[in-house]
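Student: Fit chains P and X to the given chain G structure using the hints.
Chains as they are written, first to last, in this note's numbering: chain G, 3 to 485; chain P, 3 to 485; chain X, 3 to 485.
Please note: incorrect hints may appear among the correct ones.
Same chains, same label: a pair holds when it works inside one copy or across any pair of copies.
[Unchecked claim] Below, simulated EDC-like cross-link-like pairs (lysine to aspartate or glutamate); rule was C-alpha separation at most 20 Å, straight line: (1) LYS25 <-> GLU288; (2) LYS223 <-> GLU453; (3) LYS289 <-> ASP66; (4) LYS59 <-> ASP70; (5) LYS394 <-> ASP70; (6) LYS291 <-> ASP440; (7) LYS394 <-> GLU446; (8) LYS287 <-> GLU453; (9) LYS291 <-> ASP439; (10) LYS348 <-> ASP218; (11) LYS291 <-> GLU446; (12) LYS223 <-> ASP440; (13) LYS25 <-> ASP387; (14) LYS60 <-> ASP390; (15) LYS60 <-> ASP387.
The hints are simulated quantities; they were obtained by calculation from the structure and are not laboratory data.
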Amino acid sequence: MGTCMSGICDSFGCSKTTNIRLKLPAVCFIWQIAMIILFGVFIRYNEESDAHWVETKKAKNLTDIDNDFYFRYPSFQDVHVMIFVGFGFLMTFLKRYSFGAVGFNFLIAAFGIQWALLMQGWFHSFHSGKILIGVENLINADFCVGSCLIAYGAVLGKVSPVQLLVMTLCGVTLFAVDEFIIISVIHARDAGGSMSIHTFGAYYGLTISWILYRPDLNQSKRLQGSVYHSDVFAMIGTLFLWMFWPSFNSAICNHGDGQHRAAINTYLALAAAVLTTVAISSLTKEKGKLDMVHIQNSTLAGGVAVGTAAEFMLMPYGALIVGFCCGIISTLGYVYLTPFLEKKLKIQDTCGINNLHGMPGIIGGIVGAISAAAATEQVYGAEGDTFDFTGKFAKVVPHVQGGYQAAGLCVALVFGVGGGVIVGTILKLPIWGDPADDNCFDDEVYWELPEDEESHSVVLEYNNHMRNRHQDVCETNFSVAHR
Amino acid sequence: MGTCMSGICDSFGCSKTTNIRLKLPAVCFIWQIAMIILFGVFIRYNEESDAHWVETKKAKNLTDIDNDFYFRYPSFQDVHVMIFVGFGFLMTFLKRYSFGAVGFNFLIAAFGIQWALLMQGWFHSFHSGKILIGVENLINADFCVGSCLIAYGAVLGKVSPVQLLVMTLCGVTLFAVDEFIIISVIHARDAGGSMSIHTFGAYYGLTISWILYRPDLNQSKRLQGSVYHSDVFAMIGTLFLWMFWPSFNSAICNHGDGQHRAAINTYLALAAAVLTTVAISSLTKEKGKLDMVHIQNSTLAGGVAVGTAAEFMLMPYGALIVGFCCGIISTLGYVYLTPFLEKKLKIQDTCGINNLHGMPGIIGGIVGAISAAAATEQVYGAEGDTFDFTGKFAKVVPHVQGGYQAAGLCVALVFGVGGGVIVGTILKLPIWGDPADDNCFDDEVYWELPEDEESHSVVLEYNNHMRNRHQDVCETNFSVAHR
Amino acid sequence: MGTCMSGICDSFGCSKTTNIRLKLPAVCFIWQIAMIILFGVFIRYNEESDAHWVETKKAKNLTDIDNDFYFRYPSFQDVHVMIFVGFGFLMTFLKRYSFGAVGFNFLIAAFGIQWALLMQGWFHSFHSGKILIGVENLINADFCVGSCLIAYGAVLGKVSPVQLLVMTLCGVTLFAVDEFIIISVIHARDAGGSMSIHTFGAYYGLTISWILYRPDLNQSKRLQGSVYHSDVFAMIGTLFLWMFWPSFNSAICNHGDGQHRAAINTYLALAAAVLTTVAISSLTKEKGKLDMVHIQNSTLAGGVAVGTAAEFMLMPYGALIVGFCCGIISTLGYVYLTPFLEKKLKIQDTCGINNLHGMPGIIGGIVGAISAAAATEQVYGAEGDTFDFTGKFAKVVPHVQGGYQAAGLCVALVFGVGGGVIVGTILKLPIWGDPADDNCFDDEVYWELPEDEESHSVVLEYNNHMRNRHQDVCETNFSVAHR
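Bound-form chain G, shown alone (with noise of 0.2 Å):
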């Protein structure tokens, strides 16, 4: 007589050991303290955040509507929401990992945040030895998450949340001297960073992964898809990422007319490249069935993809074709590349991010590039500001520009890989806490989960119930039928 079910299949048999009741704490704790210090020692308010801001206004002759928190605080929030709800939400798509995508991508960047507002202000922001803050330093500090976020695609699900706080804190590192490299030495312009941002980002985040490669992934391939429901939480990070993505990439443009040109650039781009991904996921499924991955990652392409020349006088045709061509190559990527990656690369990409930031970024490049080198007095005005020619750039020519952008684009991805490398090999030391393969993408192992969390469960007991129902019925009905 067989038993009527089988008990649920326990997993707290597997040899690592995921206990971070130590070490995330110390973590915290430690780098929370060492803020406070830094902070006080170097950071304090700029001249429009300052009280004495009065005094700025009358030396200068400004009102309080010239103070740049005007000109740049709703793009802030905008970038904030991309950053926390955005890219939080995108990654919630598991059916099984929600906490830890939203979780931990909010751990991450509100960690990485405050050593970036450090790294970045040395770089740029340092004046007599304080570093001077406002608006526009938060909004960088943003952007220098933001490509750690991305980079946390790649190894979504597969890592501790120690790991995710190592890794952020090289990133911040090396995102903020590859950045200096790209704005400050080469004087490549960037302001959506395609490069600097996404380039950089998904590289890094892609060569970790392939240093953390798992072979035997797939024993935890039942939580490798997702559910009904954790599919249309996902889209509510895609919508706030395509929605507020011309602000992203207007946030740190001049004032006016750059503003403006980036944010319509962005917005045409977005829509294009939702129509093609619709188009190809379509075209690549069995009955022209849409894909929700696809809807959910490659309508996005070409917000990374016009970040670097969204400022350009690309014009809006110009953004259209940015955004056809890249909801093209990042969908293809999705349907083909992805596999072949992890197959014959040895390189699992969990959220796919090569296909939304990485190939997108490196276009996005390109296009800076190719734009920047078309430059030309009649487009540009003889006295617009948006190549910055002035100072010891005051003799730079287009077609040199261009070649700047494209050495920063160099940069970006010598940064990814090789800092990428050296992260990745410091991850792989056994003491981090990281996931068995058969606990991967499972928020088990790092949260509490609700008590009776029959909601999930049920579905996986479900199953296992129905066909055991099934066996144990007909046995019943065999033994009766041939008695």
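Tutor: Same frame as chain G, now just chains P and X:
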């Protein structure tokens, strides 16, 4: 001896083909390429988003903050959220059509805004052979597709994405002409679009739904309700619409007091509508329980109805009265009118857009006409520019303006119903891949669902199972007992 | 032979009547009509939202961008999102009370803002017999109902909507008086409302909950936890609160540096609170797992505690220290204090508002007092207007201001506890249709649930079923075997 369990009802044997693998990509590609060409020919940046802004500033003695971007961009982003998250999530209430709600909403909005930029541009921003665009054009494009998303609400779950694209293409075209007549020819004011957006959109959608009437729609009755979490998802849509409606109604008002007043009036009308919606919902149900459908929809009716008059000197109490009435009418519409329309007039209105946009839109038009007719110089000031009585309208007096407003409402109705008849007839052709009657409201038709989609199917299966098990075991027992 | 399956436990046999079919509509209608009359008598547009703005501009030599609308509207919309989506979704964590959380939050907020406009208007915007309103009044009205929504958190799931309306009506009234005393009489500064909003709201709610103590609440223990997706919904609330808190604390600060600095300080305090919340959550749980309740709530404590001092020259490291401490205290509160309060002090605090708003609010008041007392002319500048030392306060010195701040905190506590005693006593009357002890935390009492609400009931039923099936089949088998 009964089979232990009937298989999941497979719905693949339906006679209609819903294969859109060629149609959908073809429409998307052709359309997007056409857009690129038309944008290349016609669309350029306006003086505020062009790199020559620095010269404009000098010529007109402006500063960067005078750029329209800073007056309208925050409102634009709010409107953008309403269009993509608001409308998209509002329609996720069905238990098994959330992908279609939020996904197709995304598709047709991204599709429509491009065409809207062209159509509206030709009518309103055409200078020397070019359409010059800035942030106000983006807002207007969002408004324009808003009317098509309203229409989508009437046919939600009953049409294919190809039909939706055709419906949007025609809808945007009709909207642009309709709006040109109302705003530029008749010279009615309609800042929040009670007439041009809501009335037009609602009757356009309802007429199409009437033409596409499905007498056997009850074959998919099992899928017409909501489940607990789909109702919570829908509340995301409701709340973002409700919260940002003040931005919607004020987005394109005159700078200064116009935008300010429109936001206040809308805020108040919406607040009042919540109270009366709750009151009527409770009154019309057993034990005074509230109905989520009413809370999700009728609370928004105040925003619709105050659209036209939002920028007028409606007075705060006037806004409250408008919201008060519309909360009542809209909720009563859900209780009594929607079933009546379906049974008697053969209009199947999935989301009840007649109650949320149709009737409140008409009320909004009437409120606008009355407010305009009642305008006095004492209230509006001798120099007030609310009604823009300059140029050829310099001699218009208020009661004439009231007549113009009423005429505008009639135009919106005529375009809605007339356009709906034509477009509905086109959509009735059997070439669009629409679902069979027993396949409506089901994401499975157009979406790859999660492979082990138990979280939903368990619901249906489980019930079947309980019935079957009951029967089987009883039969088993019976056969044993009576052997 | 056992019945195959026990019916779903019907909960209709409870002795208490929860029928609110007359009470709820009556309160809503009477109240809304009263609002219309009072608005008609008292409320008008202020000079920035009135059509005479064009004359004001000329008289004061202003331009449109000087309209307060452009300084505050983006912050207003962020605050609006916090009130409706933030508070609403934060409370959706219960497995079966999401409708009540987000729906009643919606109702009482829409109800309260109207009364708040009047109450606060009489105290602060009353000129020649009229209350003149603009965008700042809308923000203040949102703030005011915020305190009532905090109080709702303490009684979530245990009261009827009618009780909530009464609680909000009294709460708004108390808040307005409380705020008038703190801001106008005592002349304390409280931009982010640590004292007037959070401290008052928390102790108002906790006192009411104490008076409404239910000794047999464990009868509905089955519904007190969360399910997986309800926790994800709650994270929507958490994140929108967290992201927009800088707007909350800066919304009504002085133009220019005041708003700018408040946003920076809040951003930093919130980031630090995330790190320490995660640390303590991990430390206090077996295997270092994180608890969603802590992540959802304690991460926000930094924003509460920096409210009063947000516009002060708190310095970036000061903001970090405030967040650091409050993350710790708040999380420890959830672990140790909430159970203690329930067992020993008979205070049942559903959402743990004492940990999120109560203690951090008091800390915020203290931080404000210390910061104010420590102010120097060197730091704030001779002309700085942070403390508004003009008119009759021209001679106030910092340490006196520190005393004023401390006095403000005491006023908030007295109003919270005193008002809570009175209102709690009123709410204890057996006429409000509140649920029975075994019916708490259940949407079924006040909401029409989806007819085939399996996604939830399946959870309960399924478990019963598994037990029964096990038994039945075993019995069947037994009877067969032992025949």
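Student: Does each hint fit the structure? Answer for all of them.
Tutor: Status of the hints after comparison with the structure:
Taking the closest pair of Cα atoms, LYS25 and GLU288 come within 20 Å of each other only across two copies (13 Å); inside a single copy the shortest separation is 48 Å, beyond that limit. For the identical chains of this complex, LYS223 and GLU453 are inter-copy neighbours only, at 12 Å across copies versus 24 Å inside a copy, given an alpha-carbon limit of 20 Å. Proximity of LYS289 and ASP66 under a CA criterion of 20 Å is satisfied in neither setting, with 59 Å inside one chain copy and 52 Å between copies. Taking the closest pair of Cα atoms, LYS59 and ASP70 come within 20 Å of each other both inside a single copy (12 Å) and across two copies (18 Å).
When the C-alpha separation of LYS394 and ASP70 is checked against a cutoff of 20 Å, the pair qualifies neither within a copy, at 26 Å, nor between copies, at 33 Å. For a Cα distance limit of 20 Å, the shortest separation of LYS291 from ASP440 across copies, 18 Å, qualifies, whereas the shortest one inside one copy, 31 Å, does not. Taking the closest pair of Cα atoms, LYS394 and GLU446 never come within 20 Å of each other, the shortest separation being 56 Å inside a single copy and 61 Å across copies. In this homomeric assembly, LYS287 and GLU453 come within 20 Å of each other (Cα to Cα) only across copies, at 14 Å, whereas the closest approach inside a single copy is 39 Å.
For the identical chains of this complex, LYS291 and ASP439 are inter-copy neighbours only, at 19 Å across copies versus 32 Å inside a copy, given an alpha-carbon limit of 20 Å. Proximity of LYS348 and ASP218 under a CA criterion of 20 Å is satisfied intra-copy only: 11 Å inside one chain copy versus 53 Å between copies. For the identical chains of this complex, LYS291 and GLU446 are inter-copy neighbours only, at 8 Å across copies versus 33 Å inside a copy, given an alpha-carbon limit of 20 Å. Taking CA atoms no more than 20 Å apart as the test, LYS223 paired with ASP440 passes inside one copy only; the shortest distance there is 8 Å, against 34 Å between copies.
Taking CA atoms no more than 20 Å apart as the test, LYS25 paired with ASP387 passes in neither setting, with 49 Å inside one copy and 46 Å between copies. When the C-alpha separation of LYS60 and ASP390 is checked against a cutoff of 20 Å, the pair qualifies only between copies, where the shortest distance is 19 Å, while the shortest distance within a copy is 27 Å. In the homo-oligomer, the alpha carbons of LYS60 and ASP387 lie at most 20 Å apart only across protomers (14 Å), although the nearest pairing inside one protomer, at 26 Å, exceeds that limit.
Hint violations for this structure: numbers 3, 5, 7, 13, all remaining hints satisfied.
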